[in-house]
Amino acid sequence: MKELTIISGKGGTGKTTVTAAFAVLAKNTILADCDVDAADLHLILTPTEISSADFIGGRGPQLDSEKCTRCGECQRLCRFDAIDFSEESGYSINEFACDCCGLCALACPEEAITMVDTINGRWFISATRAGKMVHARLGIGEDNSGKLVTLVRQQGKLIAQKEGFGLLINDGPPGIGCPVTAAITGVDLVLIVTEPTLSGMHDMERVHGLCRHFDIPALVCVNRFDLNLINSQKISDYCTEHNLTLVGEIPLDPVVNKAQVARLSVVEYECGLVSQVVREMWDKVEKELNL
Amino acid sequence: MIIAIASGKGGTGKTTIATNLALVTPASQYLDCDVEEPNGHLFLKPKISDKRDVTMTIPKIDEELCTYCGQCAAACEFNALAVIGKKVMVFSELCHGCGACMFICPEKAISETTKIIGCLEVGKAKAVATDEIDFAHGVSNIGNPLSPPIIKKVKKLVNNDCFAILDAPPGTSCPMVQTLMGCDYCLFVTEPTPFGLNDLELAVGVARQLEIPCGILINRSDSGDDQVQRYCQREAIPILMEIPFDRDLAFAYSKGEAAVIHSQSLREGFQKLHQRIVAEVEK
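Going line by line, the protein sequences match chains A and B. First residue of the first sequence: 1, per my numbering; consecutive thereafter. First residue of the second sequence: 1, per my numbering; consecutive thereafter.
Warning: the hint list may mix true and false statements.
[Stated by the list, open to error] Subject to a maximum C-alpha distance of 25 Å in a straight line, what follows is the list of computed SDA-like cross-link-like pairs (lysine to any residue): (1) A:147 <-> B:156; (2) A:258 <-> B:232; (3) B:108 <-> A:79; (4) B:272 <-> B:261; (5) B:124 <-> B:232; (6) B:155 <-> A:79; (7) B:60 <-> B:90.
[To be verified] Now the in silico label distances, taken between C-beta atoms and shown as ranges: (8) B:47 <-> A:158: 35 to 43 Å; (9) B:45 <-> A:67: 52 to 60 Å; (10) B:238 <-> A:290: 33 to 41 Å; (11) B:67 <-> A:240: 54 to 62 Å; (12) B:283 <-> A:158: 48 to 56 Å; (13) A:50 <-> B:1: 44 to 52 Å; (14) A:75 <-> B:69: 44 to 52 Å; (15) A:53 <-> B:87: 32 to 40 Å; (16) A:273 <-> B:278: 40 to 48 Å; (17) A:64 <-> B:257: 51 to 59 Å.
Note that these hints are calculated values from the structure, not bench results. Think of the CB as a built atom: it goes at the ideal place given N, C-alpha and C, for glycine as much as any other residue.
Using the sequences plus the hints, can you model the full thing?
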């Protein structure tokens with residue numbers, strides 16, 4: 001089984017637009033939406049839920065104020081400024097600042113703090129017109145998005161292996177931090193979707209650096225390439241210089257938003273040249289994956 | 001006054017709005033908290049006067065004192081330590097620098113050392129008027145998975161006498177929450193598409209949990225449908241500004257040029273936006 005992750009560095013370059021189109025074009029694939037804190041793939045693929053479960057991301061501290069003697073040891077030791085104090089209600093844990101390290105629970109002489117499993121979100125296996133999809137919803141402001149990405153990918157792989165699918169396509173998150181790392185480690189191929197803006201190029205180079213750091217082969221595509229042809233040429237030069245294959249240049253066309261509003265991928269809605277370029281891109285990616 | 005510019009969905013125009021607002025606002029401070037992919041410097045072109053490393057602490061094991069009891073590994077909630085036979089392994093990329101292992105070690109065999117995870121750059125940028133903008137950003141090292149400690153360092157530079165603008169990272173998880181905490185107001189930049197609305201609703205959820213008042217700016221306001229407007233009306237969230245798509249501005253953006261330098265009407269628009277934000281905060 002092969003695994004492809006679509007990333008970008010900069011947000012909003014068109015990862016999900018490309019993923020949704022690939023999902024429809026690929027014949028033998030399972031999908032995983034690894035952008036768990038701002039998942040959007042379901043808006044195009046309109047999934048029907050088959051099963052769902054809570055995501056227990058780790059443990060978090062729970063303070064029993066009856067046992068607390070207000071010694072303040074927890075507040076003194078906490079490195080995340082997550083222990084609040086008021087004369088009225090004593091010590092309390094600020095869950096937004098808390099890193100869930102458990103030091104307060106280890107240190108409390110009264111054992112007033114215990115670590116309990118925390119539900120950080122929910123994950124789903126769903127049916128879509130493009131195949132089965134694993135996706136998730138991280139709770140509002142919750143931690144552990146990297147772990148949830150890992151879980152979504154693992155479940156996608158399990159389904160693919162069990163049901164004999166040859167490919168898992170992961171829609172990745174933006175950035176270069178922990179969720180991105182979780183979405184690309186160990187995959188066969190990464191597709192970087194960029195745009196010909198200074199931000200897009202700057203972020204592409206950083207995310208490409210991350211791929212090199214983990215030694216993962218990458219392809220590049222440029223979205224809205226005709227917005228700035230000089231910058232698009234620079235991206236092409238960067239690709240040549242770094243031995244990266246440029247698999248496609250998608251034109252800027254407001255019709256892409258119309259497809260999104262209609263809840264269709266750009267290969268299902270008549271998007272003219274955009275549809276054509278994305279189809280050709282998929283052919284190249286498929287070849288690269290040796291499917 | 002501390003204002004966060006956030007979005008949920010990436011690429012809606014956070015940095016565009018944050019930098020343009022900084023350019024027209026007197027006594028402004030621009031702090032880029034999107035430390036994984038900081039871009040504000042591309043538009044503000046600051047003169048950096050100070051650069052320092054951002055470090056975090058990681059455990060260092062004294063093998064002479066260690067009895068391989070394994071309590072450190074058992075205490076670590078992040079699985080950053082493993083004791084295998086007569087060897088203690090530290091996986092520093094998993095470490096959150098909490099100090100639990102050092103606290104629990106009965107032999108006092110654990111001390112701490114520092115690891116560089118990124119840097120902080122501070123400087124001044126030229127504003128549209130005669131003013132200067134106080135500029136700072138954090139830059140996470142490639143391969144470092146943990147951005148909140150860098151964001152915290154950037155936020156330490158907030159000057160309350162200024163109009164401090166925090167450019168937030170996308171999403172709704174720890175880096176975004178870390179940025180929003182303690183802000184007086186949050187301006188969400190969205191686009192009127194299903195993706196924009198879906199992620200906006202999640203992001204507004206974070207602001208509400210943190211009890212931070214918020215308003216909306218609709219970018220490329222003519223590019224999708226009217227669902228974002230309807231949502232704002234339903235939820236009684238004020239729309240502070242709408243900016244239609246303009247290919248010339250998008251082209252200027254692609255070259256790293258700020259919109260307010262090109263367009264008189266946008267300059268006035270952003271000045272009004274600043275006044276509206278101040279009025280919302282003082283409400």
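Hint check, failures only: Result: hints 1, 5, 8, 10, 14 break, sorted rising.
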